[in-house]
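The hints should help you fit chain B onto chain A, whose structure is shown.
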Amino acid sequence: MKIVAVTSCPTGIAHTYMAAEALEQAAKEAGHEIKVETQGAAGAEAVADADIAGADAVVFAADVEVRNRERFAGKPLVQTSVKRAINDAAGLISEAEAAARTGGAGGVVAGAAAEAREAAAMETADRPETKVDQGAGLGTRLRQWLMTGVSYMIPFVAAGGILIAVAFLLGGPEVANKVNGGTFEGVEYPAVEDLSNLIVQAGYAGLLFKIGGVAFSMLVPILAGFIAYAMGDRPALVAGIVGGLLANEIGAGFLGGLAAGLIAGAIVIWIKRVKVPRGVAGIMPVVVIPLVSTLIVGVLMLVVIGQPIAALQEGLTNWLEGLGGSNAILLGIIIGLMMAFDMGGPVNKVAYAFGLAALASGNLKIMAAVMAAGMTPPLGLALATVIRKHLFTKAERQAGEAAWLLGASFITEGAIPFAAADPLRVIPALMVGSAVTGALVMGFGNESRAPHGGIWVTGLISKPILYILAILIGTAVTAAGVIILKSTRRKEAADIEPAASRQATATS
Amino acid sequence: MADLITPDLVDLDLAATERGEATRSLAERLQAAGRVTDLDQFLADVRAREAQMPTGIEGGIGIPHCRSVAVTEPTLGFGRSTQGIDWGAADGPAHLIFLIAAPEGGGAEHMGILAKLARKLIHASFRESLHQARDPEDVVSLVKKEVLGQ
Chain A
1 MKIVAVTSCP TGIAHTYMAA EALEQAAKEA GHEIKVETQG AAGAEAVADA DIAGADAVVF
61 AADVEVRNRE RFAGKPLVQT SVKRAINDAA GLISEAEAAA RTGGAGGVVA GAAAEAREAA
121 AMETADRPET KVDQGAGLGT RLRQWLMTGV SYMIPFVAAG GILIAVAFLL GGPEVANKVN
181 GGTFEGVEYP AVEDLSNLIV QAGYAGLLFK IGGVAFSMLV PILAGFIAYA MGDRPALVAG
241 IVGGLLANEI GAGFLGGLAA GLIAGAIVIW IKRVKVPRGV AGIMPVVVIP LVSTLIVGVL
301 MLVVIGQPIA ALQEGLTNWL EGLGGSNAIL LGIIIGLMMA FDMGGPVNKV AYAFGLAALA
361 SGNLKIMAAV MAAGMTPPLG LALATVIRKH LFTKAERQAG EAAWLLGASF ITEGAIPFAA
421 ADPLRVIPAL MVGSAVTGAL VMGFGNESRA PHGGIWVTGL ISKPILYILA ILIGTAVTAA
481 GVIILKSTRR KEAADIEPAA SRQATATS
Chain B
1 MADLITPDLV DLDLAATERG EATRSLAERL QAAGRVTDLD QFLADVRARE AQMPTGIEGG
61 IGIPHCRSVA VTEPTLGFGR STQGIDWGAA DGPAHLIFLI AAPEGGGAEH MGILAKLARK
121 LIHASFRESL HQARDPEDVV SLVKKEVLGQ
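Sequence order for the protein chains is A and B.
Numbering (the numbering used here) for the first sequence: 1 to 508.
Numbering (the numbering used here) for the second sequence: 1 to 150.
Okay, chain A solo, but in the shape it has when bound (with noise of 0.2 Å):
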């Protein structure tokens, strides 16, 4: 990516160059190329215009009006003040970056509007420090951590959930249970034990399902290891990724790992601001700050959230054993809605629980609606991904297109990028769209008598053509929820971003 920048400061003999510095050391650091125009004391050597003209963004850190602004005009734009753009320059490239994909908020505006702007940031220059200014701070830099560890987690997305669904389409859905054992149509399989009898138990199909899964059980660890390191840098990704690690252990699903890596990613960011002895400084990279961070994430996610996860599923399985006989629709929405809460975590796993008991006990009606309800949400993000690409990523895009053969392969993790991202938005939709596919299916009374496998067990359900109606159903309401919740907040984005970064002029 290309920037340019402006700094500029009253005196202009010293906090202009140490910006001009910072950002050009940051810009480095992540790979971009910047160009930086100096306007202080020892004269301005001006950006050249080809130079703006190719620049994906533009960042104005500046306590003074920056000089031929009109230049810029157009250009997705970055305003802080030029203290910001010392101690923090990495956030800001960052905060350029999102800048140069979304648009920009509003851009460089040239004239009147942009200079009574300025001029109102620069007669509360000395304000203390406000809630509100580093509320938003906070919330572009979330959404920038979680990014981070999304964009690591999407490749381990599409490689393990490929190989499961070739898995399936080359094995059938009965290679799941070759390998990890279980009952498929009456017929028992037993798990592999020992790998060097996968081929002979579980044939070549197996042998893509075990590596899929293998891939597969790296998504948590990958998404708060990378959580951790946006946050805390090198130290912090063994903290993240072990507490990753024990998310999939206490069965605490992508909500788990995504809480252990903002865990881990304060406590590092904690620890760093602690002073200590110079002799001491040298080994905190590398041993202390892993050490603690590691061990009290570790604590945290064993005791603390471990605990609570463990009663809140025996809680909602009791809940829902109870509901058992009630209104056959009502539980299609409840099951829907746990399906796609957290997808794999511990109330996914309670419905799909649910389910399994039920085909054993011989009632076929519950596992249809946990199977249906569980291809929506990546069904639903493809095809959003498809009509509305400007509310998306590119590296979304791309898991957007490899979601299409999850989702229809009932491989519910495929929406978990997504909503990872940006989770406040896209599980309520998720969670509508997965509950109107299962009101359907209870409606439609289909039943399955395989508890995996997606489109590609359709002959092992009863009214097939109504059964792809109701996903069918469930993926555009998904879709809609998905768009319309996203479109909200890139209209919110597009009103409160200028306001908050004249407030971070205005008070840093």
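Read the hints as simulated data drawn from the structure, not as lab findings.
If a hint is listed, it holds; no wrong ones were tucked in.
Ranges between beta-carbon positions, derived for each pair:
1. G88(B) to A73(A): 32 to 42 Å
2. V280(A) to R47(B): 36 to 46 Å
3. R101(A) to G92(B): 29 to 39 Å
4. G74(A) to G88(B): 28 to 38 Å
5. A311(A) to S129(B): 47 to 57 Å
One-sided and incomplete, this derived list gives chain B residues near chain A with beta-carbon spacing under 7 Å:
6. R49
7. Q52
8. I57
9. E58
10. I63
11. H65
12. I100
13. A102
14. M111
15. L114
16. A115
17. A118
18. R119
19. L121
20. I122
Covered by chain B, according to a simulated footprint, are these stretches of chain A (three or more residues, beta-carbon under 8 Å):
21. 14 to 21
22. 268 to 280
For every residue, glycine included, the Cβ atom is placed at its ideal position computed from N, Cα and C.
Same frame as chain A, but now just chain B:
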């Protein structure tokens, strides 16, 4: 042009505990070296800049500075404080104090040197070397090497 910094402009054991006091003690060194002609005028100019927005930045750095008619040569005064002095940065007190004095209407050459100095302050290795410096000569040779390339 006189040297940007000399050993008598360096105080590795700054006793002052407060911003104004610390600035004054460094400014007195500049005055004694003949770099500042009118101490009160100079301090007023530094205060005026500091009042616009404190010059402390994260990482324990304070950079009081000004352009002033009371300054004869672009000059760097350097002070190191073990206990730290609040310089208005969010993350704690400043341990390295750079008093940058620029003459009013100084030429581009003067200002170019100060700009190079300011850029150096960002580098953690430069800061660390200043923390490690054993005597004023260390500081002077470090600044000459890093900023002036001598």
